[in-house]
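*Asks:* Below are the chains, spelled out letter by letter.
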Amino acid sequence: ELKVEQNPLFLSMQEGKNYTIYCNYSTTSDRLYWYRQDPGKSLESLFVLLSNGAVKQEGRLMASLDTKARLSTLHITAAVHDLSATYFCAPQWGATNKLIFGTGTLLAVQP
Amino acid sequence: GAVVSQHPSRVICKSGTSVKIECRSLDFQATTMFWYRQFPKQSLMLMATSNEGSKATYEQGVEKDKFLINHASLTLSTLTVTSAHPEDSSFYICSASDPGGRSYEQYFGPGTRLTVT
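Chains as they are written, first to last, in our numbering: chain A, 1 to 111; chain B, 1 to 117.
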């Protein structure tokens with residue numbers, strides 16, 4: 001059974017600071033997704049990482065994937081208040097390509 | 001981009017009644033759809049995988065007789081919560097894969113908030 005853990009579960013940071021969210025998973029997976037969720041809303045796709053060593057960047061967010069270590073990171077650069085949300089990683093697994101979601105990281109960016 | 005809709009967006013029902021939630025892929029045909037449930041301040045939990053024209057595959061611990069899934073066409077899957085109880089109150093989200101595009105990617109619907117009184 002695939003287990004996915006995110007670290008930290010809650011992150012309070014000041015605007016302008018940098019930080020990294022970690023996503024560890026227990027079983028081999030070659031694809032991993034990052035999503036953002038605002039309160040009361042569904043998911044917004046941020047990144048899809050398709051292979052080992054993949055790195056993608058969009059604005060102040062950068063995601064990477066190390067399939068050998070079963071680790072993905074989401075790095076936040078110079079945080080702004082608008083980034084406040086819950087972030088989920090989700091490795092893709094199995095013949096049906098199902099997603100198994102991590103525990104989520106609630107990010108609160110303080111002015 | 002691929003769009004997935006859900007209906008209704010919110011529903012309130014009385015305990016013991018059944019409620020149906022629809023998930024539609026609007027601009028593509030989805031051979032596979034997924035149903036997730038999310039309780040407040042928790043992660044998304046996969047309930048089942050729905051394949052067009054065949055029976056759904058349920059995740060361990062999900063009661064298939066309580067959560068009926070039908071995927072009768074390439075653009076529509078439905079989830080029926082039978083004999084709903086207050087503990088079924090949750091945010092239900094569907095997603096769909098586009099085999100004609102990037103078949104590995106899932107496109108998420110806006111979710112349905114179910115409240116059982």
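In short, the hints are calculated from the structure, not lab data.
Do not rely on the hints blindly, as some may be mistaken.
Unchecked claim - To give an idea of the interface, some chain B residues facing chain A are shown, with a C-beta separation under 7 Å as derived from the structure:
hint, residue
1, F39
2, L44
3, L46
4, T49
5, G53
6, F108
7, G111
8, T115
Ideal Cβ placement from N, Cα and C applies to all residues, glycine included.
*Asks:* Could you work out which of the previously given hints the structure breaks and list their numbers from low to high?
*Replies:* Violated: hints 1, 5, 8.
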